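Visitor: Residue strings, one per chain:
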Amino acid sequence: NAGVTQTPKFQVLKTGQSMTLQCAQDMNHEYMSWYRQDPGMGLRLIHYSVGAGITDQGEVPNGYNVSRSTTEDFPLRLLSAAPSQTSVYFCASSYSESLGQLETQYFGPGTRLLVL
Amino acid sequence: AQKITQTQPGMFVQEKEAVTLDCTYDTSDPSYGLFWYKQPSSGEMIFLIYQGSYDQQNATEGRYSLNFQKARKSANLVISASQLGDSAMYFCAMRESHNDMRFGAGTRLTVKP
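Quick mapping for you: the protein sequence lines, in order, are chains B and P.
In terms of our numbering, the first sequence opens at residue 1 and continues consecutively.
In terms of our numbering, the second sequence opens at residue 1001 and continues consecutively.
To be clear, the hints were calculated from the coordinates, so they are not data collected in a lab.
One should not assume that every hint holds.
Residues of chain P placed beyond 12 Å of chain B at every Cβ, according to the derived structure [claimed, not checked]:
id	residue
1	Q1006
2	V1013
3	V1019
4	T1020
5	Q1039
6	N1067
7	F1068
8	A1071
9	N1076
10	G1106
Label pairs and their calculated CB-CB ranges [claimed, not checked]:
id	chain 1	residue 1	chain 2	residue 2	range
11	P	K1016	B	Q57	45 to 53 Å
12	P	I1046	B	N28	19 to 27 Å
13	P	G1010	B	L116	49 to 57 Å
14	B	A2	P	K1112	34 to 42 Å
15	B	M27	P	G1085	41 to 49 Å
16	B	P8	P	Q1057	28 to 36 Å
Fair warning: this is a prediction, and the values are worked out from it, not measured in the lab.
Positions of the beta carbon are idealized from the N, C-alpha and C atoms, including for glycine.
Take these sequences, add in the hints, and give me the full structure.
Guide: Here it is, written out as structure tokens:
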């Protein structure tokens, strides 16, 4: 298993540009989520999905869109990038949103995004 | 609302000694899970240990143990016999039933030779 994969690893955007961060998992996990990590602030939840066709907002959803057409993929879209979106983005997945050891979230390697 | 507090921005420990990283949480849900992750300088998030709110015993995973004090709402991570490779950021996280995982701000641990 490849686990959780993310592409690209690094990206530089100009203000106003759009792009999609890709996330895929091959563990047949129902639950997938996107976080951003800023210095001194830990990880904050952007959007999450409890299964194909179902998405919901997290703590900091503004400026981001998501979709979940398949169990494996959960792309994050920036429609009009802003410097405030400069951050490290992590995708994560777990078997379900329920509690328990199996529901530990496993993280992708992250995408470093710089918006100029 | 969930809240996770890690009061130690940075910690130092001598190699081969034990170290405790603090974590307190706030929840009114009787059912929740507590997690610790390690983030080395390479940036990936590595799952270390899990404690369920109904677990009777403290969780242990190799050199990692979780000192779970439910009444005090604390879930401190204890690393025994520290190694140089333990130098990293450590994040405490909590997940309530049917809810998202929320993270603390992290503690940077430096192991000195």
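Visitor: If a hint holds in the structure, say so; if it doesn't, say that too.
Guide: Results of checking the hints against the structure:
1. Residue-level check failed: P:Q1006 sits 8 Å from the nearest beta carbon of chain B, not beyond 12 Å.
2. Non-interface call for P:V1013 relative to chain B: holds, since the shortest CB-CB distance, roughly 21 Å, exceeds 12 Å.
3. With a least CB separation of 20 Å from chain B, P:V1019 remains clear of the 12 Å interface cut-off, as annotated.
4. Separation of P:T1020 from chain B is adequate, the least Cβ-Cβ distance of about 19 Å exceeding the 12 Å criterion.
5. Consistency note on P:Q1039: stated as away from chain B, yet its beta-carbon is not over 12 Å from all of that chain's, at 9 Å minimum.
6. Under the 12 Å C-beta cut-off, the non-interface status given to P:N1067 relative to chain B holds; the minimum distance is some 19 Å.
7. Its beta-carbon lying about 15 Å from the closest one in chain B, P:F1068 satisfies the requirement of being farther than 12 Å from that chain.
8. A cut-off of 12 Å between C-beta atoms confirms that P:A1071 is not in contact with chain B; the least separation is 20 Å.
9. P:N1076, annotated as away from the interface, keeps every beta carbon of chain B farther than 12 Å; the closest lies near 17 Å.
10. Not every CB of chain B is more than 12 Å from the CB of P:G1106 (nearest about 6 Å), against its label as outside the interface.
11. Separation of P:K1016 from B:Q57 is about 46 Å and conforms to the stated range, judged on CB atoms against 45 to 53 Å.
12. Checked against the hint of 19 to 27 Å, the C-beta distance between P:I1046 and B:N28 comes to roughly 22 Å, which is consistent with it.
13. A hinted range of 49 to 57 Å is violated for the C-beta pair P:G1010 and B:L116, which are about 31 Å apart.
14. Checking the proposed 34 to 42 Å range against B:A2 and P:K1112 shows it holds: the Cβ atoms sit about 36 Å from each other.
15. At about 26 Å, the CB distance of B:M27 to P:G1085 disagrees with the hint of 41 to 49 Å.
16. The hint said 28 to 36 Å for the Cβ distance between B:P8 and P:Q1057, and at roughly 43 Å that hint is violated.
When the structure is compared with the earlier hints, violations turn up for hints 1, 5, 10, 13, 15, 16 and for no others.
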